[in-house]
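**Student:** Chains A and B, in that order, give the protein sequences.
If you're matching positions, the first sequence starts at 3 in my numbering and goes up one per residue.
If you're matching positions, the second sequence starts at 82 in my numbering and goes up one per residue.
It should be emphasised that the hints constitute simulated quantities derived from the structure, not laboratory data.
Computed from a predicted structure; not experimentally measured.
Among the hints, erroneous ones may be present.
To be verified - Some chain B residues near chain A, calculated using beta-carbon distances under 10 Å:
| id | residue |
| --- | --- |
| 1 | 93 |
| 2 | 95 |
| 3 | 98 |
| 4 | 99 |
| 5 | 101 |
| 6 | 107 |
| 7 | 110 |
| 8 | 158 |
Note that the Cβ used here is the ideal one computed from N, Cα and C, for glycine as well.
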Amino acid sequence: MNRRKVTVAVTALNAIDSPGPGVPVIRGLKESEMLDVRIVGLSYESLEPGIYMHDIVDKVYQIPYPSSGIESLLARIEYIHSKENLDVIIPNFDAELFPFIRLEERLRAMGIRTFLPTEKQFDERHKINLPAFGKKYGIKVPASEPVNDPNEIGKISKEMKFPLLVKGKFYDAFVAFNADQAREYFHKVSAKWGLPIILQEYVKGIEYNVIGLGDGKGNRIAAVPIRKQYITDKGKAWGGISVGDEKMLALTDHFIQSTKWRGPFELELMKDEKNEFSLLEINPRIPAWVYLSVGVGQNIPEALVRLALGEKVDAFSHYEIGKMFIRYSWDMIVDLKDYQQIATYGEL
Amino acid sequence: MKKMKSNIALSESGFVFNPNTGESFTLNPVGQQLFEMIREGQDYQSIRKKFLEIYEVEDSIFEKDYEDFVHLLHSYQMMEPDEQA
Numbered sequence: 003m004n005r006r007k008v009t010v011a012v013t014a015l016n017a018i019d020s021p022g023p024g025v026p027v028i029r030g031l032k033e034s035e036m037l038d039v040r041i042v043g044l045s046y047e048s049l050e051p052g053i054y055m056h057d058i059v060d061k062v063y064q065i066p067y068p069s070s071g072i073e074s075l076l077a078r079i080e081y082i083h084s085k086e087n088l089d090v091i092i093p094n095f096d097a098e099l100f101p102f103i104r105l106e107e108r109l110r111a112m113g114i115r116t117f118l119p120t121e122k123q124f125d126e127r128h129k130i131n132l133p134a135f136g137k138k139y140g141i142k143v144p145a146s147e148p149v150n151d152p153n154e155i156g157k158i159s160k161e162m163k164f165p166l167l168v169k170g171k172f173y174d175a176f177v178a179f180n181a182d183q184a185r186e187y188f189h190k191v192s193a194k195w196g197l198p199i200i201l202q203e204y205v206k207g208i209e210y211n212v213i214g215l216g217d218g219k220g221n222r223i224a225a226v227p228i229r230k231q232y233i234t235d236k237g238k239a240w241g242g243i244s245v246g247d248e249k250m251l252a253l254t255d256h257f258i259q260s261t262k263w264r265g266p267f268e269l270e271l272m273k274d275e276k277n278e279f280s281l282l283e284i285n286p287r288i289p290a291w292v293y294l295s296v297g298v299g300q301n302i303p304e305a306l307v308r309l310a311l312g313e314k315v316d317a318f319s320h321y322e323i324g325k326m327f328i329r330y331s332w333d334m335i336v337d338l339k340d341y342q343q344i345a346t347y348g349e350l
Numbered sequence: 082m083k084k085m086k087s088n089i090a091l092s093e094s095g096f097v098f099n100p101n102t103g104e105s106f107t108l109n110p111v112g113q114q115l116f117e118m119i120r121e122g123q124d125y126q127s128i129r130k131k132f133l134e135i136y137e138v139e140d141s142i143f144e145k146d147y148e149d150f151v152h153l154l155h156s157y158q159m160m161e162p163d164e165q166a
């Protein structure tokens, strides 16, 4: 088959203990049978491992942090585009989605496609708005409250019993068993991710996740549910297995149909002792375990790029159940000149 | 009659995988034998008769162990729900 040549820029090349999805997204794209993909990595820091993976990343450029504003991001992308002629950008960090959503039309005018949720979809699924989201779409979610001042914690903890989850607006979650702990985590999380933090009812149970892709018209293009088998102290799945739970797929379909979700997503679910699922979080992007979806027969990064390019993409009808991913770390030996190049010139 | 979900997988080594929940278990040879009989749809009296023939076990102890085993299968969602007590 003649594979369509495309140049795709991918962010989130980091791989710390809370790894970014960039490298597994690239692995999926490189294994595509329909696309011949040239990868342009977009990095923030000079030590992101993906920068140095020359076998799968063809070129890397540093880009400014989202906090520096969309104009400086756009200026940098214009420069990169002038060199690389980008077809598609896949942003993979929560914090950079909003700027990329805002830039969608301007990028399109330059000839660069994205396939992201709308601003409304992005906002209403936000952790802060999750209770309203659950009510609107008839999805069971745990009670939660946004908190801007640590003095509010005492009052809220009278309404919601401990233990409670203290969550950052983008990342991080800690279980607090009393108000003192909650205040401690408030400061820790807000220092890193800003305000508000979210206090969420703690649901005891087994963690499941669903990775999916919606076409923006209410149709499911892809969905793979997993059970987390090995969870780090950061709550990240370091091992998982694909499962065939129809309830999770039905919930995913309901989510896609009712929101007309556009783009990739991850549903974080907790199954309680009554075997009922609560939706803990909706991540509006590809999760770091996306490579399992490729391994079970649903190449979500490939489908995402094809949707972004305006191609007709058929929905995946099946996936292999009982396939596992087991994550590991890998030490690369890197020449100082590579590090020097990216650190000094912002390109490699 | 107790009915097991049709998609529960059992390997020759006694490894059980529930594809609905992602849980897996290991059975000893006796558990494996009991599991297979239940999966085949054999009723309690038939299973009891065979076990009492093969093993030196008191009727009352077998009954208790059988009920415990089936209870575990229910709690791990391996049995059809309409059969639950």
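**Student:** Hints first: check each against the structure and report whether it holds.
**Tutor:** Outcome of the hint check:
no.	hint	in the structure
1	93	violated, 16 Å
2	95	violated, 16 Å
3	98	holds, 6 Å
4	99	holds, 8 Å
5	101	holds, 5 Å
6	107	violated, 15 Å
7	110	violated, 23 Å
8	158	holds, 7 Å
The structure does not agree with the numbered hints 1, 2, 6, 7 stated previously, though it agrees with the rest.
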